[in-house]
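Assemble the dimeric complex from its two separately framed chains, guided by the hints.
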Amino acid sequence: DAGVIQSPRHEVTEMGQEVTLRCKPISGHDYLFWYRQTMMRGLELLIYFNNNVPIDDSGMPEDRFSAKMPNASFSTLKIQPSEPRDSAVYFCASSKGQLADTQYFGPGTRLTVL
Amino acid sequence: SQQGEEDPQALSIQEGENATMNCSYKTSINNLQWYRQNSGRGLVHLILIRSNEREKHSGRLRVTLDTSKKSSSLLITASRAADTASYFCATSRSGNTGKLIFGQGTTLQVKP
Chain A
26 DAGVIQSPRH EVTEMGQEVT LRCKPISGHD YLFWYRQTMM RGLELLIYFN NNVPIDDSGM
86 PEDRFSAKMP NASFSTLKIQ PSEPRDSAVY FCASSKGQLA DTQYFGPGTR LTVL
Chain B
11 SQQGEEDPQA LSIQEGENAT MNCSYKTSIN NLQWYRQNSG RGLVHLILIR SNEREKHSGR
71 LRVTLDTSKK SSSLLITASR AADTASYFCA TSRSGNTGKL IFGQGTTLQV KP
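Just so you know, the sequences run in chain order A and B. For the working numbering, count along the first sequence from 1 and bump the result up by 25. For the working numbering, count along the second sequence from 1 and bump the result up by 10.
This is chain B alone, in the form it adopts within the complex (with noise of 0.2 Å):
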């Protein structure tokens, strides 16, 4: 089954605003990482977050782990028309290989 799920599946937001996107997951992870797909391209890592973090940062990115409640948001402040694309969470889990699930991903539009 699929260890991450995106919420929502789609977001349209105008430029400027923030954009939230939730990942839950169903078992115990290593690290839990976001990515970002551009129609017709291929996915580009944004943010790896390990277990034992909880809010980590890069540039416009805030993304949280919340390991109790199995579950990552993405934050993305002050939007651009450029962020406009897919995101995606990916999780290793624990005790495992430690390949990559990833999720449906969430589809943001931000309008100019």
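Bound-form chain A, shown alone (with noise of 0.2 Å):
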């Protein structure tokens, strides 16, 4: 299996550009994470949804970021508008069965707000 898939790797943009962060989990897994990681407050989840349903939105920092799960194998993060403090790189991960099971991550999006 080629693993969690994120895309793109870097994205640069402008102050109140929308981004888009797309991940692809691995098949079959039942769990997809996203989380946020910066030097100031470390790696945070933002969300995580289980059978492409939503369970655990509390860590979306405000209304500006939102996620959706279409189907089992993509999944999407997008910050409308953005803003310079969002600069951090976004994860995504995957598990499979229980939810505290073994998290497989994705390579990372690093995000640069101008």
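Don't read these hints as lab results, they were simulated from the structure. The reader is advised that the hints may include incorrect statements.
Stated by the list, open to error - No farther apart than 20 Å at their CA atoms in a straight line, the calculated lysine to aspartate or glutamate pairs in the DMTMM-like style are these: (1) 93(A) / 81(A); (2) 109(B) / 15(B); (3) 36(B) / 15(B); (4) 49(A) / 126(A); (5) 121(A) / 81(A); (6) 80(B) / 15(B); (7) 109(B) / 43(A); (8) 121(A) / 87(A); (9) 93(A) / 39(A); (10) 93(A) / 82(A); (11) 109(B) / 55(A); (12) 109(B) / 81(A); (13) 121(B) / 93(B); (14) 103(A) / 82(A); (15) 66(B) / 36(A); (16) 109(B) / 69(A); (17) 121(B) / 27(B); (18) 80(B) / 27(B); (19) 103(A) / 126(A); (20) 66(B) / 87(A); (21) 36(B) / 69(A).
Put into structure tokens, the structure is as follows:
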């Protein structure tokens, strides 16, 4: 299996622009997670899905952030409008079976908002 | 508040030496996991230890769990330069949704 795939790997945009990050989980995995990593705050869970349904979005920082999972093989995280403080590395991860089981991370998207 | 906190924040050793990293947490857990992150990469799962286990081994890795002290340690024996990375513990809280909460990590540098 190719593992978790994320695109783009790097994104540079200007404040106010819309940003869409994409993730393809490992086939057969039931759970999909979106994380954000910064030096100041470490690794934060933003939202996770189970069988394509959002279960917990309590980590989403504000209404500018939204996430969807239209099918088992694709998810998006959208930021509209983007702000400089959104600059971070965004990771997607997936896991199979139990929620607290091993998670497999993608390579991340490094987002820079100017 | 942070569920898992690693100690030390940074560790520098010579190749061949052992590296020990510690993780403390605050609430009861289902399991505790350790992950490694190489610079510019995603996290990679190393080992999972359940709340009813006290010790687990995987290759050069040894993990211990003391639920009475709410702490865990990760020992890497005979370290190699390739072990240079950040190491994170992640806890799954019991009586909760079980989602993982990651600590801030320990940055390990192994000098050749």
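Going down the list of hints, with the structure as the test:
1. 93(A) / 81(A): Given pair residue 93(A), residue 81(A) holds - Cα atoms ~12 Å apart, limit 20 Å.
2. 109(B) / 15(B): Roughly 16 Å between the alpha carbons, so the hint for residue 109(B) and residue 15(B) holds.
3. 36(B) / 15(B): holds, 9 Å
4. 49(A) / 126(A): holds, 19 Å
5. 121(A) / 81(A): Holds. Residue 121(A) to residue 81(A) sits at ~17 Å (cutoff 20 Å).
6. 80(B) / 15(B): Within the cut-off at roughly 11 Å; holds.
7. 109(B) / 43(A): Not OK: residue 109(B) and residue 43(A) at ~29 Å, beyond 20 Å, violated.
8. 121(A) / 87(A): Status violated; Cα separation ~28 Å.
9. 93(A) / 39(A): violated, 23 Å
10. 93(A) / 82(A): Roughly 11 Å separates the two Cα atoms, so the pair holds.
11. 109(B) / 55(A): holds, 14 Å
12. 109(B) / 81(A): holds, 9 Å
13. 121(B) / 93(B): OK: residue 121(B) and residue 93(B) at ~10 Å, within 20 Å.
14. 103(A) / 82(A): Holds - the C-alpha atoms of residue 82(A) and residue 103(A) are around 13 Å apart, at most 20 Å.
15. 66(B) / 36(A): violated, 40 Å
16. 109(B) / 69(A): It holds: about 11 Å lies between the C-alpha atoms, which stays within 20 Å.
17. 121(B) / 27(B): Answer holds: residue 121(B) to residue 27(B) is near 10 Å, not above 20 Å.
18. 80(B) / 27(B): violated, 27 Å
19. 103(A) / 126(A): It is violated: about 26 Å lies between the C-alpha atoms, which goes past 20 Å.
20. 66(B) / 87(A): violated, 40 Å
21. 36(B) / 69(A): holds, 17 Å
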